[in-house]
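Chains A and B, in that order, give the protein sequences. In this text, residue positions in the first sequence follow our numbering: the first is 6, and each later residue adds one. In this text, residue positions in the second sequence follow our numbering: the first is 6, and each later residue adds one.
Please keep in mind that the hints were generated in silico from the structure rather than gathered at the bench. Treat each hint with caution, since some may be false.
With the Cβ distance kept under 8 Å, some of the chain B side facing chain A (calculated, not the full set) [what the hints assert, rightly or not]:
(1) D9
(2) T17
(3) A20
(4) Q25
(5) V30
(6) I42
(7) P86
(8) S99
(9) A106
(10) C108
(11) K109
(12) H114
Quantities reported herein were computed from a predicted structural model and do not represent experimental measurements. We treat Cβ as the ideally placed atom computed from N, Cα and C, and that holds for glycine.
Protein chains: 2
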Amino acid sequence: MNTDQKKAKTNTKHARLTIQDTLDVVGGKWKLVLIFILSDGKKKFNELSREAGITPRILSKELQELEMNDLVIRTVCDTKPVTVEYSLTEYSKSLSDVIIAMCKWGENHRKKIVG
Amino acid sequence: MNTDQKKAKTNTKHARLTIQDTLDVVGGKWKLVLIFILSDGKKKFNELSREAGITPRILSKELQELEMNDLVIRTVCDTKPVTVEYSLTEYSKSLSDVIIAMCKWGENHRKKIVG
Numbered sequence: 006m007n008t009d010q011k012k013a014k015t016n017t018k019h020a021r022l023t024i025q026d027t028l029d030v031v032g033g034k035w036k037l038v039l040i041f042i043l044s045d046g047k048k049k050f051n052e053l054s055r056e057a058g059i060t061p062r063i064l065s066k067e068l069q070e071l072e073m074n075d076l077v078i079r080t081v082c083d084t085k086p087v088t089v090e091y092s093l094t095e096y097s098k099s100l101s102d103v104i105i106a107m108c109k110w111g112e113n114h115r116k117k118i119v120g
Numbered sequence: 006m007n008t009d010q011k012k013a014k015t016n017t018k019h020a021r022l023t024i025q026d027t028l029d030v031v032g033g034k035w036k037l038v039l040i041f042i043l044s045d046g047k048k049k050f051n052e053l054s055r056e057a058g059i060t061p062r063i064l065s066k067e068l069q070e071l072e073m074n075d076l077v078i079r080t081v082c083d084t085k086p087v088t089v090e091y092s093l094t095e096y097s098k099s100l101s102d103v104i105i106a107m108c109k110w111g112e113n114h115r116k117k118i119v120g
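Pulled out of the complex, with its shape left as it was, chain A reads as follows:
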């Protein structure tokens, strides 16, 4: 392998790892969907669960992971009974290109399948 080939191989590996990083943070069935729903504005836990069609147990885990990665903010509201609200962080906006690209692809894919 010459220097250029080695460099190309290192670049490819690096790019593959960056995709894996992204998938580690927002991969899975729900995270990008939740971010998309929250882009509409803050939501209460129960609203999110209903809108996304996710069971509370899974939703709770997904939101916790999003919070850990600075993509979602959890706010406990001093109401009776206590309610918990979720909203997007400024940082989450950096995902807009990923979300837009996925929307467009899904749209085209649906057309392809429906024919």
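The hints should help you fit chain B onto chain A, whose structure is shown.
Showing chain B alone in chain A's frame:
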């Protein structure tokens, strides 16, 4: 809810479903990584397994799903022993915007974390 609000809600739901469609087809830990690796050119099953670091059992399942969705072509080569090669379809190129957006985001996210 007035007509505009209803329309906005319908559009939001539609966009959410298109994201879910995309995640149904290329979501999960491996599919986009495999497509990225194959963008380099066709690979034998064992090469793919080694390069991606996926067990043969999972790789086989992932490739089968990619093939079903017209993203990957499986070719049986008349060698001794028989080998199986995988390559990308023309249609898989439609995912390039998704892959590029994910590469960029992963790159920035890594910088953010490393600081």
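Point to revise | Restraint satisfaction for Q25/B [CB to CB of chain A, less than 8 Å] | key: Cβ of Q25/B sits 6 Å from chain A, so the hint holds.
**Study point:** Proposed interface contact between A20/B and chain A, which counts if any beta carbon pair is under 8 Å
**Key:** Constraint on A20/B satisfied, holds at 5 Å.
Point to revise | Interface hint outcome for S99/B [beta carbon to chain A under 8 Å] | key: It holds, given that the least Cβ distance between S99/B and chain A is near 6 Å, below 8 Å.
Check your understanding: Per the CB criterion, is V30/B less than 8 Å away from chain A?
Key -> With Cβ-Cβ at 6 Å, under 8 Å, it holds.
Review point. Was the hint right that C108/B lines chain A, CB cutoff 8 Å?
Key: Holds. Min distance 5 Å.
Review point. Can we keep the K109/B interface hint, with Cβ of chain A closer than 8 Å?
Key: holds, 7 Å
Check your understanding: Under the criterion of a CB-CB separation shorter than 8 Å, is H114/B in contact with chain A as hinted?
Key -> holds, 6 Å
Check your understanding: At a threshold of 8 Å, is the proposed contact between D9/B and chain A supported by beta-carbon distances?
Key -> Hint on D9/B: violated, closest Cβ of chain A at ~14 Å, above 8 Å.
Check your understanding: Are I42/B and chain A close enough, Cβ to Cβ, to be under 8 Å, as the hint says?
Key -> holds, 7 Å
Check your understanding: Against chain A, is A106/B within 8 Å by beta-carbon distance?
Key -> Holds, about 4 Å.
Exercise for review: Let me know if the C-beta of P86/B comes in closer than 8 Å to any C-beta of chain A, holds or violated.
Suggested key: This interface hint is violated because 27 Å lies over the 8 Å limit.
Practice item. Closer than 8 Å between Cβ atoms is the bar; does T17/B clear it against chain A? Give me holds or violated. Key: At 6 Å from the nearest chain A Cβ, T17/B passes the 8 Å test, so the hint holds.
When each numbered hint is compared with the structure, violations occur for hints 1, 7.
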